[in-house]
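Start from the sequences, fold in the hints, and give me the full structure.
The chain contents come next:
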Amino acid sequence: MDKIFTTVVIVGILSSAIRLATPYLYASIGETIGQLSGVVNLGVDGIMLMGAYAAFFVVLNTGNLWLGVLAAMVVGLLMGLLMSLISVTLKAEQGISGIGLYIFGLGLSTLLFKVTIGTVKTVDGFQPIKIPVLGNIPILGEVFFNNNVMVYIAFLLVPAAWWVLEKTTWGLRIKAAGQNPAAADSLGVNVDRVRYMSVCLGGMLAGLAGAALSLALVKLFQENLTAGMGFIAVALVYFGGWKPVGVLGGALLFSTVNAFQLWMQVLGVNINSNVAVMLPYLLTIAALAFTMNRARQPAGLNVPYERGES
Amino acid sequence: MPTEAVVVPARSRRRFVFDWKEILYRAAVPILAMLAAFTVGAVLLLLLNVNPFTAYAALIEGAFGSTYSITQSLVKATPLLLVALGICIAFRASVINVGGEGQIILGALMATWFSLQFRAWPGWLLIPATIIMGFMAGAAWGFVPGILKARLGVNEILTTIMMNFIALQLMNLLLRGPLMDPGGVTAGTFLAQSERLPEQVWLARMIPQTPLHTGFILAVALAFVVYIFLWRTTIGYRIRAVGLNPHAARYAGIKVPFNQALSLTLAGGFAGLAGVVEVLGVHHRLLEGITSGYGFTGIVAALFGGLHPLGAIPASYLFGSLLVGADKMQRAVQVPSALVDTIMGLVVMFVVGSAWLSRRWAARRLAATAKRQEVK
Amino acid sequence: MKTRIVIVIVVIALLTAACGGPAATPVAKDKIRIAVVMPSAITDMAFSQSMWSALKAVQTEMGGESALELKYSENMFKVPDAAAAIRDYASQGFDIVIAHGSQYGTSVQEIATDFPKTTFAWGTDVNTFGLPNVHAYTAAAEEGGYVNGVLAAMLTKSKKIGVTGPVEVGDAKTYIDGFVQGVTSVDPSINVSKTWTGSFSDVALMTEAAKTHIASGADALTGSSQSVVGSIGAAKDNGSVLWFGTQQDQSSLAPNLVVASQQYDWTAMIKEMIKNHQAGKLGGDKYVLQLKNAGLKMLYNAGYKLPDEVKKAGDAAIEGIKSGSIKVNP
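Residue numbers (this note's numbering), protein chains in the order written: chain A, 1 to 310; chain B, 1 to 376; chain C, 1 to 330.
Worth flagging that the hints you see were computed from the coordinates, not collected in a lab. Incorrect hints may appear among the rest.
[Unchecked claim] Listed next, the in silico EDC-like pairs over lysine to aspartate or glutamate satisfying Cα-Cα at most 16 Å (straight line): (1) K292/C - E319/C; (2) K31/C - E69/C; (3) K286/C - E272/C; (4) K297/C - E319/C; (5) K121/A - E272/C; (6) K236/C - D124/A.
Below, the structure written as structure tokens:
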């Protein structure tokens, strides 16, 4: 047991956690914004896959990482647009349209991969960049300040999202559209347009999550690369109480426990591997149950808004 | 939250009288939506140098072309229907159950363990006992998110998604250990499957040489049971009241959290049953991949059936046929299976996106009926 | 309005029905037709891909599509779907139908009795159900595992080796067990640590598992399943961690770091099945891919410079297993 508390192991666990948390951060914060405006999007995993594919394909053929990131954002935006069309304009049942989007994204990304790439290939992707000065702090430096740029951006998203949501009019409109669309409408907020923009933004961020996965984390693309990550990202939104900082906490908790259980297996700690793999999920439920974080969801969540209906 | 777009003719007080014209109109829109999705799919097929007519002909032939395919569709429809029934109950209480995958696993696990444990029992006792135990196992898996929501306000989407992953690991753990087929261990193959279940617990084949098993009858019967439960019992009434207007329900003295937890528990039980019939009727053992994604596709089937237990019967059959036909299409024109998934995703989005059209036409019909009744 | 819609639906339905199915291909007398049903993708860099590449290789050797017709169904992890596919191919008159998945056993058992003129091959398992038209096949993955273990043990400088496994079942388990035996035979003091991600497809977690091994000091890695591409990526990232592969030649992913791969080579088995089928023997054989019968091949990666005494030890292990003097337990 004392094997666990050596520096190497602690640094290892925390570095892994930071890396693993990155795609969740992008996707969860995007979904938070969408949900705050009143739309639940269960298709995040499908958008992540399309983003991961688009980014990887562009990088494979052009070598330009930022072009790949841009491609992922565009693709994510388009998928978000599709979701908005179905859920906001056509007022469809959001949970189900999300699942349809997921199946579509999974199928299309696999199809495109098979037809345009064919077999698994790797790219060099984003390399870690050490931040001067800060990167030299013992332990913390290695963990926080020696990562690739997609990781840094993901963590910067948290305060950025908080600022937009709390300190700008735009953020106020988003929350109003989700909390009380009728009142917002009467005050001149175009609820549908706000929801469109939020869901599209969420889509872009989900696309970025995919790019982070295929260009920075694993540096390859394979069918069903995300293996359900998008659903965890959605779950983390609830865990975080619809606040960016809460989402950060959830992503870190989940990823840290995951990294921890991997290390335990490597160090030969006597724990059944299946139980170890269960730990992140169990602890996330336990954490929410016991912290009594009973944040109420946006009142207008999952309800299509129709002017004239209350 | 579920909008009641069905116009119920006020005159009828008998149990199962259906307004067939109404049903036909309501079915028209999703079918049109499906055709629209297939048209987009045709474009994809053309891009892959495949003749869409050949492909779709293969799909139809694969779905309806022989007794075998029809029975195959019914076999697929069975777990879809069972999951859909659970979804209907949950949706009526405004609860989203995305935990179907995990609940199916629990039902399948229990069915396997129980029937292997009590393999000495005769079939007439073992089958019903296994079914009941499987239902309870799935229900337990739905109960946990339910009680967490009711007592601690923990959101059920979070818990059900997490519990899906937990159930998967639980199954892996048991399959590679205590439940692994002893034959696989001695042969050195160590396959991720359980021992073959004792023959007396297998669900009987209804038509020889086809995969159709009695689980289908069970599912259809349960659809009627759920219908009666939701519309003819007090508990069912309360569940629906909670879904339609939780505030009003609370003022009327109905315990909202309790009923939501109850609906989630029941939904879990039905999903668990889907696992039971797959194990007892199709595979005759537990193996990985037992859920076959039914936890999600069951949701789609429920939607196609208008979130009504009786509507779920034809919806599950049609959706099952679609899945069977799509496989045949893949074989016939040798496209990657991912193309089929892509078209499936489009079908779901188109059908769900066309609901407003359904509602608009239903509203128009209601207005027309009202006008006619005015004139009288 | 409504009548019009009904008419449209009926017309479309008639059109699609009228177009009929694909015209039956006239089969040349000596043309062999093989269909394969697989549980994962033909591009999975692992189990399914190994069978598909073997089939394609045999097809090229025989002279192309006109000599050997191939059809496949992939991602058939739902057993009833696979059963329908197997039955469908059999009823279309395919000579050999390969059910390339251990979960398909029950289906094969039922379907084979309905099609006595078709050869069914089923893997990975050893059971032919006593039916005259069923072959069974497995791969003794533990053999290549042993050889890889020997190589890894001799090449590791840190005396720490990492194993990134998916789920501890099937040939992932047998391969890894063989690997550990190989390592122990060279130096029992080497630390071999195993991780299991609990999934065959979670690449991200597999990558992280590999990175964890590397961070804890491992300088050689191995593993199994299609998600193992993540581990290879992690090794490549690090730049000096060696990789030992199985099921498929994985050297294209990290040309300087892959030392050796155990390749599942089904071609000899396929050719023998075709020969037997043409001669009238439709089943009853149990094939085991082994080093002995060239079903398993150890492919040394030309891009990696293997020191001579290590290669000698590897070759000795291969010879030992072939001759039976070294026994590897699955």
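So, going through the hints one by one against the coordinates:
1. Distance hint between K292/C and E319/C is fulfilled; the C-alpha atoms sit about 8 Å from each other, no more than 16 Å.
2. Under the criterion of a C-alpha separation no larger than 16 Å, the hint pairing K31/C with E69/C is consistent with the structure, at around 7 Å.
3. For the given pair, K286/C sits about 12 Å from E272/C by alpha-carbon distance, which is consistent with the 16 Å threshold.
4. About 12 Å separates the Cα atoms of K297/C and E319/C, which keeps this hinted pair within 16 Å; it holds.
5. As the CA atoms of K121/A and E272/C are separated by approximately 33 Å, the hinted pair breaks the 16 Å bound.
6. A hinted pair counts as satisfied when its Cα atoms are at most 16 Å apart, and K236/C with D124/A qualifies at roughly 9 Å.
Checked against the numbered hints given earlier, this structure breaks only hint 5.
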